[in-house]
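**Q** Here's the letter readout for the chains.
Protein chains: 2
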Amino acid sequence: MKVTLKDVADAANLSVASVSRILTNRGRYSEVTAKRVRELAQKMGYYKNQNAADLSSKKSRAVGVVVPLIHTNFADEVIKGLYEATISSGYELLITYLDENEDHQYQVFQTLLSRQVGAVFMLSLDIPSWMVNTLLEEKISVISLTALLNDQVSAVTSDESEMMNTIIDYLVTMGHKNIALIGDTKLTTIISNTRRTNFIKLMHAHGLTDDNMFLYGTDHTYETGYNSVTTDYDINHLPFTAAVATADLVGQGLANAMLDHGKKVPDDLSIVTIDGLQQTEIARPKLTTIQQNFPEIGRVAMQLFLNSDSSNKDPQVIYIPTELIQRDSVLNLNAKI
Amino acid sequence: MKVTLKDVADAANLSVASVSRILTNRGRYSEVTAKRVRELAQKMGYYKNQNAADLSSKKSRAVGVVVPLIHTNFADEVIKGLYEATISSGYELLITYLDENEDHQYQVFQTLLSRQVGAVFMLSLDIPSWMVNTLLEEKISVISLTALLNDQVSAVTSDESEMMNTIIDYLVTMGHKNIALIGDTKLTTIISNTRRTNFIKLMHAHGLTDDNMFLYGTDHTYETGYNSVTTDYDINHLPFTAAVATADLVGQGLANAMLDHGKKVPDDLSIVTIDGLQQTEIARPKLTTIQQNFPEIGRVAMQLFLNSDSSNKDPQVIYIPTELIQRDSVLNLNAKI
DNA sequence: TTGAAAGCGATACCAG
DNA sequence: CTGGTATCGCTTTCAA
Numbered sequence: 001m002k003v004t005l006k007d008v009a010d011a012a013n014l015s016v017a018s019v020s021r022i023l024t025n026r027g028r029y030s031e032v033t034a035k036r037v038r039e040l041a042q043k044m045g046y047y048k049n050q051n052a053a054d055l056s057s058k059k060s061r062a063v064g065v066v067v068p069l070i071h072t073n074f075a076d077e078v079i080k081g082l083y084e085a086t087i088s089s090g091y092e093l094l095i096t097y098l099d100e101n102e103d104h105q106y107q108v109f110q111t112l113l114s115r116q117v118g119a120v121f122m123l124s125l126d127i128p129s130w131m132v133n134t135l136l137e138e139k140i141s142v143i144s145l146t147a148l149l150n151d152q153v154s155a156v157t158s159d160e161s162e163m164m165n166t167i168i169d170y171l172v173t174m175g176h177k178n179i180a181l182i183g184d185t186k187l188t189t190i191i192s193n194t195r196r197t198n199f200i201k202l203m204h205a206h207g208l209t210d211d212n213m214f215l216y217g218t219d220h221t222y223e224t225g226y227n228s229v230t231t232d233y234d235i236n237h238l239p240f241t242a243a244v245a246t247a248d249l250v251g252q253g254l255a256n257a258m259l260d261h262g263k264k265v266p267d268d269l270s271i272v273t274i275d276g277l278q279q280t281e282i283a284r285p286k287l288t289t290i291q292q293n294f295p296e297i298g299r300v301a302m303q304l305f306l307n308s309d310s311s312n313k314d315p316q317v318i319y320i321p322t323e324l325i326q327r328d329s330v331l332n333l334n335a336k337i
Numbered sequence: 001m002k003v004t005l006k007d008v009a010d011a012a013n014l015s016v017a018s019v020s021r022i023l024t025n026r027g028r029y030s031e032v033t034a035k036r037v038r039e040l041a042q043k044m045g046y047y048k049n050q051n052a053a054d055l056s057s058k059k060s061r062a063v064g065v066v067v068p069l070i071h072t073n074f075a076d077e078v079i080k081g082l083y084e085a086t087i088s089s090g091y092e093l094l095i096t097y098l099d100e101n102e103d104h105q106y107q108v109f110q111t112l113l114s115r116q117v118g119a120v121f122m123l124s125l126d127i128p129s130w131m132v133n134t135l136l137e138e139k140i141s142v143i144s145l146t147a148l149l150n151d152q153v154s155a156v157t158s159d160e161s162e163m164m165n166t167i168i169d170y171l172v173t174m175g176h177k178n179i180a181l182i183g184d185t186k187l188t189t190i191i192s193n194t195r196r197t198n199f200i201k202l203m204h205a206h207g208l209t210d211d212n213m214f215l216y217g218t219d220h221t222y223e224t225g226y227n228s229v230t231t232d233y234d235i236n237h238l239p240f241t242a243a244v245a246t247a248d249l250v251g252q253g254l255a256n257a258m259l260d261h262g263k264k265v266p267d268d269l270s271i272v273t274i275d276g277l278q279q280t281e282i283a284r285p286k287l288t289t290i291q292q293n294f295p296e297i298g299r300v301a302m303q304l305f306l307n308s309d310s311s312n313k314d315p316q317v318i319y320i321p322t323e324l325i326q327r328d329s330v331l332n333l334n335a336k337i
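Sequence lines, in order, name chains A and B.
Under UniProt numbering, the first sequence is numbered contiguously, ending at residue 337.
Under UniProt numbering, the second sequence is numbered contiguously, ending at residue 337.
Treat the hints loosely; a few may be bogus.
Stated by the list, open to error - Computed footprint of chain A on chain B, listed as stretches where at least three residues anywhere in the stretch have a Cβ under 8 Å from a Cβ of chain A: (1) 49-57; (2) 74-83; (3) 102-116.
Simulated from the structure, these hints should not be mistaken for laboratory data.
No experiment lies behind these values; they were computed from the predicted model shown.
Note that the Cβ used here is the ideal one computed from N, Cα and C, for glycine as well.
All chains, full assembly: derive it from the sequences and hints.
**A** Given below as structure tokens:
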């Protein structure tokens with residue numbers, strides 16, 4: 001049978017109350033007995049039943065993380081950041097995956113609620129809004145990572161507009177005019193819509209017209225990148241000289257498609273990817289990218305939550321700086337003779 | 001305030017006992033009232049406090065998953081399998097990450113224990129043995145994934161010996177004699193040691209001697225692959241014609257190092273990687289690999305656990321088939337004129 | 001079929 | 001500084 005608080009108390013000839021106080025470092029007790037109790041607990045192999053503790057104290061040190069089952073592995077980076085912040089604060093991470101199935105979503109959501117998590121970190125993509133609303137009603141902090149959900153939830157993310165601006169600015173400086181946005185450009189999810197909108201807006205801001213813009217794809221996959229130039233556009237007469245990939249993998253697909261068809265990157269097509277994971281460095285040619293600081297996003301998000309009880313309660317948005325990393329996938333058209 | 005069982009019971013003019021029975025589909029009750037209660041609970045926004053439920057019933061539907069913080073992303077694949085099996089069985093996954101820090105390990109371990117998990121799935125690599133032992137003492141099933149830990153714990157994994165045999169067999173058939181094992185070849189962890197030992201044993205079994213073998217590296221990183229041929233060996237006079245990479249990333253590093261130095265793959269070096277994730281298909285040249293079925297490992301592991309109460313209790317080892325996928329990174333020496 | 005009541009293991013308030 | 005005890009929300013006999 002499992003060792004309980006009472007067992008330790010009996011063995012120590014103390015009350016459960018005292019032992020509890022000692023083991024949680026709360027309230028008053030003498031260091032002498034405390035030492036004795038701690039050793040005893042250790043020796044007896046006692047460990048707290050967190051379920052009971054949470055039930056009794058009506059709080060929980062657990063926070064939930066919702067990760068899309070199909071993610072572009074930037075999730076791992078974010079989780080690393082969360083892990084760091086979490087482990088040093090004594091909180092515990094309840095990571096749940098989410099697919100597109102409604103029933104499953106409901107189940108996951110139930111899990112989170114029924115475990116009394118204090119906060120839920122939503123990792124990008126299409127989190128059902130009924131889920132967010134219910135969480136909010138239950139006074140559970142919802143923090144959106146790598147995406148702005150709506151103005152009721154806090155978010156820690158890269159500045160999408162700035163990112164896109166940096167990219168287009170760079171591309172235009174390099175002499176590009178006809179530019180494509182490839183990857184997830186659909187209108188139905190918040191993040192893809194944001195990117196699409198920003199792309200169009202910023203192209204205009206750079207004096208480019210609709211004729212200079214090209215949009216392709218509805219997801220962040222390798223295949224989308226690959227197929228864009230092999231099926232939808234004529235690879236021998238691409239109407240654009242540069243492409244912005246909404247994820248590293250998309251850019252990789254783009255690059256491979258070119259290579260596989262005897263074309264060269266960046267000579268025949270310049271590519272800039274969004275994300276900047278290890279992959280972009282491993283690719284040949286190395287991919288120019290705007291790198292998001294995912295671990296930092298995780299770390300900051302956790303801190304935001306930890307500090308939230310004390311100070312204000314209003315939803316906040318924190319932007320984590322991104323960095324343009326110039327590598328070998330963008331051609332300088334101006335240098336061309 | 002949160003809606004509790006009692007609230008629902010009051011609203012329904014029933015006792016908590018009855019409502020509990022209905023909501024958990026246990027015991028006897030009339031379908032008529034059941035329907036009423038279920039609707040009421042739904043409308044009131046009731047959801048079970050799983051902590052209280054677990055505490056009361058002294059069991060838990062949660063299982064833990066321990067993932068090395070630095071993983072070769074095959075972990076995601078395994079988790080997908082686990083998730084599938086878990087979501088359809090009503091269990092809940094408690095995913096925890098683990099780094100090398102002893103204190104953190106202890107903390108993670110505490111989390112798992114204190115949440116009363118029914119089983120812990122250990123994802124490869126160096127899981128501290130004190131952790132395993134304590135878990136076992138607490139009668140918590142420990143199932144090792146993608147690695148054999150010891151004969152006290154069940155395991156679901158690929159057949160390491162068979163994998164290595166397939167690779168060497170293939171390489172020898174293609175005319176290779178001098179072969180290197182590159183990646184994690186250290187003696188101190190179970191999995192790397194297994195691979196190292198199998199490599200040597202199977203090289204011998206193929207009539208090759210120690211002079212034909214080369215070992216390099218102590219981890220599964222890209223850098224290890226890259227550095228092996230650029231620093232430790234003379235890239236212009238490699239003593240081996242083929243290399244077995246202990247992970248895809250290692251193979252990728254190897255390939256890039258060759259490419260970056262004007263060498264060709266497979267002409268100047270043949271490469272076979274172990275794992276076979278998407279990466280090997282994206283690489284150029286595409287990497288020949290022995291592919292492990294990670295999602296299946298996850299699925300089977302969960303099923304193993306689910307069926308374990310009913311039948312026997314002995315530790316079992318289940319091997320999930322692997323597949324050699326021939327792509328473009330191995331040269332056929334025999335075909336050479 | 002339904003209800004009363006005894007826990008589950010820990011916390012925290014209130015006395016002593 | 002220490003102990004008694006109500007309580008957290010739910011499950012589970014045992015009676016009714």
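**Q** Next step is simple, just say for each hint if it's right about the structure.
**A** Going through the hints against the structure:
1. Figure legend: the stretch 49-57 of chain B, annotated as covered by chain A; annotation consistent (7 residues with Cβ-Cβ distances under 8 Å, at least 3 required).
2. Interface restraint, the stretch 74-83 of chain B with chain A: holds (4 residues with C-beta to C-beta distance below 8 Å; minimum three).
3. Counting residues of the stretch 102-116 of chain B whose CB lies closer than 8 Å to any CB of chain A gives 9, so the stated coverage by that chain holds, three being the minimum.
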